Amino acid sequence: MTTLSEARFRKLADAYGGKLERWPAAERQAARELVLKRPELRACLTEEAELDAWLDSGRADGMPASLLERLEALPETAPQPFPWHARSLLKPAIGWAFAAAFGLWLGARSDAFELDTGSQDTIEARQSAEEAELLALAAGDLGAFEETP
Amino acid sequence: MRTPQGDPAADDAELVGRVKTGDRSAYRELLRRHGPGIHRYAERLVRDPAEAEDVVQETFLRLWLRAKDYDPVARVTTWLFRITHNLAIDRLRKRGRSAFTEDPDMEPGPISVNPPALLEGKQRAEALTAALDRLPPRQASALSLVHLHGMSGAEAAAVLEVSEEALESLLSRGRRALKAQLAGAFANEAKATP
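Top line first, the protein sequences correspond to chains A and B. The opening position of the first sequence corresponds to residue 1 in the working numbering, with each subsequent residue numbered one higher. The opening position of the second sequence corresponds to residue 150 in the working numbering, with each subsequent residue numbered one higher.
Excised from the complex, chain A in its bound form (with noise of 0.2 Å):
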């Protein structure tokens, strides 16, 4: 339990003033208790009082009615906020974006990406060895995929 010293006590009731639940929520109980140990202690409160009351005569009463106008059009006037909200859908959209204008681009770009085939001879020549490893492999001449060293 949160104790108070009689000088912390002081100290509280100069900086906050005599009413207790303006002070600190931590040591409020405390001071309750270290005033009803030390009833002296509430002189501190009460001469703190006058002050407190003059305080109070000065809280918040209203704004004027042109400004409280002028405040409550605002949303009208000013532009509409950025719906933050709707980020979690704005993500996956601009992935789906950038994707399909990568696509894109790479459409575009296909001519750089055409295999080089080669003349019409090696590519025949090239069908031949492979139609001989298919026929060995079907033969079971596994020879036939034997790497030369």
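Take the hints with a grain of salt, since some may be wrong.
With a Cα cut of at most 20 Å, we get these calculated SDA-like pairs of lysine to any residue [as the list claims (entries may be wrong)]:
1) A:Lys-19 to B:Ser-301
2) B:Lys-169 to B:Thr-227
3) B:Lys-169 to A:Ala-73
Quick partial rundown of chain A residues pointing at chain B, CB under 10 Å, derived from the structure [claimed, not checked]:
4) Ala-15
5) Pro-24
6) Arg-38
7) Pro-39
8) Glu-48
9) Gly-58
10) Leu-67
11) Glu-72
12) Pro-75
What the hints contain is simulated information worked out from the structure, not anything from laboratory work. The structure presented is a predicted model; accordingly, all values stated were derived computationally and were not measured. The C-beta atom is built at its ideal place from N, Cα and C for all residues, glycine as well.
Assemble the complex: chain A is given as a structure, and chain B must be docked to it using the hints.
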């Protein structure tokens, strides 16, 4: 359920969450709750009615447009007062007033206070305002936040961006200076009390 006039039952943080989505009724409810206090605090800082109105307008414009900046760790009141405080200080700096470079030894002299018969209601509040105006600005702000706006020490310290210990020091010095200024009024009131 939302109502067209805002939602008095909703807490401030929930209302700010709705302002983020462009909910005008939530904005108006926050304006109703905090507008008068913010206006009073802005007046206390800039001490010029027209400029205070501009500060309040900027504060609520920021609430409307930048509600996403609100960190729910702090109370909405603290956040709004801090915006107001910073906007007001910026204006004072532009004006060339060394508003928050406080001279710790500066102690204002007593002000002349009218007899207690005249110090009723509005006039009493005006005498207090005059006394607060004569305090160093940080002391006046600390007193204003705690006593006039009902903030806790921790909240007021957060608005002023000082430690709680420093806030207590500002409050103590401010109260002492106010007592000295209002001493005449206190004496008159004591005499008038049967």
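Comparing the hints with the structure gives:
1. A:Lys-19 to B:Ser-301: holds, 12 Å
2. B:Lys-169 to B:Thr-227: holds, 18 Å
3. B:Lys-169 to A:Ala-73: holds, 17 Å
4. Ala-15: The hint holds - A:Ala-15 has a Cβ within 10 Å of chain B, the shortest such distance being about 4 Å.
5. Pro-24: holds, 5 Å
6. Arg-38: violated, 21 Å
7. Pro-39: Violated. Min distance 23 Å.
8. Glu-48: Holds - the Cβ of A:Glu-48 comes within 10 Å of chain B, reaching about 7 Å at its closest.
9. Gly-58: holds, 4 Å
10. Leu-67: Holds - the Cβ of A:Leu-67 comes within 10 Å of chain B, reaching about 5 Å at its closest.
11. Glu-72: This interface hint holds because 6 Å falls under the 10 Å limit.
12. Pro-75: holds, 5 Å
Against the hints set out earlier in the document, violations occur for numbers 6 and 7.
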